[in-house]
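Engineer: Residue strings, one per chain:
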Amino acid sequence: MSTTPEFREHRYVLNMGPQHPSTHGVLRVILEMEGEYVMDPQPVLGYGHRMHEKMAESRSWPGFLPNAARMDYLASLIYNHGYVGVVERLAGIEATPRAEYIRVITSELNRLQSHLLWLGVLVLDLGAFTPIMYTFEDREKILDILEDVTGSRLTYCYMRVGGVVRDIDDKFIERTREYIKWQRSRMPMYDKLVTGNIIFRKRVEGIGEFTPDLARRYGLTGPVLRGTGVAYDIRRAEPYSVYPDFDFEIPTETGGDCLAAYLVRVREIEQSLRILEQALDRLPEGPFLAKVPKKIKLPAGDATYAVESPRGELVYHLTADGSEVPYRMKIRVPSFSNLSILPEVCRGMLLSDLCACMGSLDLVIPEIDR
Amino acid sequence: MTDSFLPPELLRILFAAICAIVVVFGNALVMGYLERKFAGRFQRRPGPMEVGWQGLLQLAVDGVKLVGKQLVIPRQADKVLYRIAPIVSFAPAVLPLLVIPFSPKLQGRDFDIGLIFILAVVAINVLAILIAGWGSNNKYSLLGAMRSVAQNVAYEIPMLLTLLSVILVTNTFSLKGIVAAQEGLWFILVMPVAFLIFFVATVAETNRAPFDLPEAESELTAGFMTEFSGMGFSLFFMAEYTYMFIACSLTVILFLGGWHGPPLPYAEYTSALWFFLKVYFLLIVMIWIRWTFPRVRFDQLLNFCWKYLVPFSLVHLLVTAVVLKI
Amino acid sequence: MKDYFAQIFTGGKSLLVGMMITLREFFRPVVTVQYPRERLPISPNYRGHTILVRDEEKPEKHRCISCKMCERECPSGCIGLQGEKREGVKGLVLVRYRLDFTKCSLCGTCVEVCPTDALDYSNEYRHVGFRREDFHYDLLAMVEEQK
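Chains as they are written, first to last, in the working numbering: chain D, 1 to 370; chain L, 1 to 326; chain Y, 1 to 147.
Please note that the accuracy of each hint is not assured.
The list that follows gives simulated cross-link-like pairs (lysine-lysine, BS3-like), each with its CA atoms no further than 25 Å apart [as the list claims (entries may be wrong)]: (1) Y:Lys13 to D:Lys192; (2) D:Lys330 to D:Lys54; (3) D:Lys294 to Y:Lys68; (4) D:Lys202 to D:Lys54; (5) Y:Lys68 to D:Lys202; (6) L:Lys307 to Y:Lys2; (7) L:Lys307 to Y:Lys13; (8) D:Lys330 to D:Lys295; (9) D:Lys171 to D:Lys141; (10) D:Lys202 to D:Lys192; (11) Y:Lys103 to Y:Lys68; (12) Y:Lys68 to D:Lys297; (13) Y:Lys85 to D:Lys295; (14) Y:Lys90 to Y:Lys103; (15) D:Lys291 to Y:Lys68; (16) Y:Lys103 to Y:Lys85; (17) L:Lys79 to L:Lys69; (18) D:Lys171 to D:Lys181; (19) D:Lys202 to Y:Lys61; (20) D:Lys141 to D:Lys192; (21) L:Lys79 to L:Lys65; (22) Y:Lys68 to Y:Lys90; (23) D:Lys54 to D:Lys291; (24) L:Lys307 to D:Lys202; (25) L:Lys37 to L:Lys105; (26) D:Lys54 to Y:Lys103; (27) D:Lys202 to D:Lys141; (28) Y:Lys90 to Y:Lys61; (29) D:Lys330 to D:Lys297.
Facing chain D, according to a computed beta carbon distance under 10 Å, are these residues of chain Y, among others [said to hold, decoys possible]: (30) Gln7; (31) Met20; (32) Tyr46.
Honestly, the hints are just simulated from the structure, not real lab data.
Virtual Cβ for every residue (Gly too), placed ideally from N, Cα, C.
Use the sequences and the hints to build the structure in full.
Structural biologist: As structure tokens, this is what we get:
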């Protein structure tokens, strides 16, 4: 919380959250205002703190798997992926090729549904109620597909060390292909309804601009960083799983404002669809779970595994001392760093712009608090 | 009638007042239902379906619920202002209905200055919102109230300027006279630009999306209504729909030919049907707009008014005056 | 000046295009269902709370051998089971299998570690109750009820 020493008579403090429609969860932002202008926004974190890192250190490593899904409920599978990735890297286990492909397919579906939800929510923050319903229609299709293979709709616990729980079948492949076609046919509609809309353009163009340098200093990653022109994506920068096999672009924009982040994400939807198509075409045969010993002891040492979540770089760092229980687990979540730039870029902007800015950062609060 | 102890004119006004109140409540019910049903369909949902056939009775049930709710008065609120704000908002909403000509005969009273009367009465709503925002003693409410005042003051200007264009043609402030002047040719065909400016200004005046800044739920939770509950809230709610009705009625009277339409039997009364059809068409357009667009920002709202609407309406007024002189 | 009018034109057009889209969606069929009255079919692979499955060969019996693997492996500690020794029966007999569903995180570890495949997921997704104890499921009673 800010401790402004000098008392300014014309300023007042507006408490936004923890219950507020556009803080998406239990984020609290203390705003020092001058009229409608936000002079000093200070985010207050921790309302959803569940000490996930500590939980990882107090139970044997397989027990943390369901927790991974609950940090970022919009990218559960990608969090799954990162966690099994770090354990595999430390224990020296390799997943089967088919399992890696299934992981990529489900991760990309997960990314798509996260981006679709964000698209609706950003526009909802700007005051349009209808687009979110259309994106939910698309999102439901993904959830139905994922439910059929993982058994859940939101907090998946699908990946295991060495592979995945359940194999995908022809029905899954067919449904995913149908979905890809459907999503492609929907994008022009969003272009016209949202991207082209003059009110929307005016609300996001030039709002919350920052430079790549500032983004680097605050550790910003993900679409927000790519919006400043830096083509940094873990899937390319530090390739993991079978991502090097696929041909896809890292979309970048140069504006660095809300509109740039928006355009990057919308273009990423198309790239994810491309990855999905290629992965489905090249899906290798074979077992979906490698032969692994029933009990895996983590060898002493540490390992780091980074994945690209829809919000940016997600890093698991695992230190083990030779027992089944990890010694230390550090999780670097993208939303936390992305939120940290808020006081810097939102100083002196209107309250409405602050909402647009937070919407374009695509914050998931449980991930920040974790 | 002569032996009645009430003079007939007074009786007539009394009867009209009762009718006006009925129209207010009926309109709130119909509009509440239409809004939710249309919003649902725009979003691929069915809307209310549970109470009555296709959810027709939903609004009645909601009304009963709101009446039965406790009126919570925040401890820090200004008790008097907080109490009277909904009433100040609602009471003037009934008055304009007395002068609106629904059909040649269905009109409470034809004033020579009917138009000015409506504008004057409707302007009281701004005061009510300001009272509500101040009385609630909530920063969000106050922000909403401040926005409302700035917005209404700004949008009054293009609205009045376009009105003047119409008045230049009709030479009367009487609503009946204005409608009568459109016999055969509606003013929307003569001055479509004025119609557009006026309609946009009315959307802003009634605080409807995309100009719903005083409420702006994603920014100000519920704006000036944040602290209101129960009947206090529902009075604001009904007032909002009534102002929308009045605004659309004015648009119909000024530009869409009022009660004029294909002839009907007993046209002196039944032509009110055309009037209501036109008004509800405009109201549905307003609903349609609300469920399509994002909200504009506060400074953009004022920019739009001063940079686009005001110059256009000024030029329009000038052109009208010149054309009339020739 | 040219920009001024161009902006009015393009802006107005974009607004009209947006309204046409919502109008088109208006006339398309509804995609939601009235939930408690209508229900969408749920995937057979849906993972609800766990249940004890009955043996295919001996349908009156479940396959649990009370080895307590699931109880040990459960990361949330929501399983409590008890077996006892009985005369004339080989192995342990299950007398109680309690699942505290308020704590369960549906990870599926118990189903995977079970040596006899005695556990499976139910398709139940509508859990309603007024008390915490309503979600303390007795899986043994459930499997016996099914008979």
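Engineer: Holds or violated: are the alpha carbons of Lys103 (chain Y) and Lys68 (chain Y) at most 25 Å from each other?
Structural biologist: 18 Å, holds
Engineer: Within 25 Å, alpha carbon to alpha carbon, are Lys13 (chain Y) and Lys192 (chain D)?
Structural biologist: At roughly 10 Å apart (the allowed maximum being 25 Å), Lys192 (chain D) and Lys13 (chain Y) satisfy the hint.
Engineer: Quickly compare the C-alpha distance for Lys307 (chain L) and Lys13 (chain Y) to 25 Å and report which way the hint goes.
Structural biologist: 19 Å, holds
Engineer: Mind checking the alpha carbons of Lys54 (chain D) and Lys291 (chain D) for me, to see if they're no more than 25 Å apart?
Structural biologist: 30 Å, violated
Engineer: Below or equal to 25 Å on CA atoms is what counts here, so check Lys330 (chain D) against Lys297 (chain D).
Structural biologist: 19 Å, holds
Engineer: Would the hint linking Lys202 (chain D) and Lys61 (chain Y) be met if the CA-CA limit is 25 Å?
Structural biologist: 68 Å, violated
Engineer: Taking only the CA atoms, is the gap from Lys79 (chain L) to Lys69 (chain L) under or equal to 25 Å?
Structural biologist: 18 Å, holds
Engineer: Just to be careful, I want the Cα atoms of Lys330 (chain D) and Lys295 (chain D) compared with a cutoff of 25 Å; is the pair within it?
Structural biologist: 23 Å, holds
Engineer: Is the hinted pair Lys141 (chain D) and Lys192 (chain D) satisfied, with a Cα-Cα distance of at most 25 Å?
Structural biologist: 22 Å, holds
Engineer: Can the restraint linking Lys291 (chain D) and Lys68 (chain Y) be considered satisfied, given a maximum Cα separation of 25 Å?
Structural biologist: Distance of about 24 Å is within 25 Å: holds.
Engineer: Holds or violated: are the alpha carbons of Lys171 (chain D) and Lys141 (chain D) at most 25 Å from each other?
Structural biologist: Given pair Lys171 (chain D), Lys141 (chain D) holds - Cα atoms ~14 Å apart, limit 25 Å.
Engineer: Within a Cα-Cα threshold of 25 Å, do Lys54 (chain D) and Lys103 (chain Y) meet the stated pairing?
Structural biologist: 18 Å, holds
Checked against the numbered hints above, the structure breaks hints 4, 5, 13, 14, 16, 19, 23, 25 and 27 and satisfies the rest.
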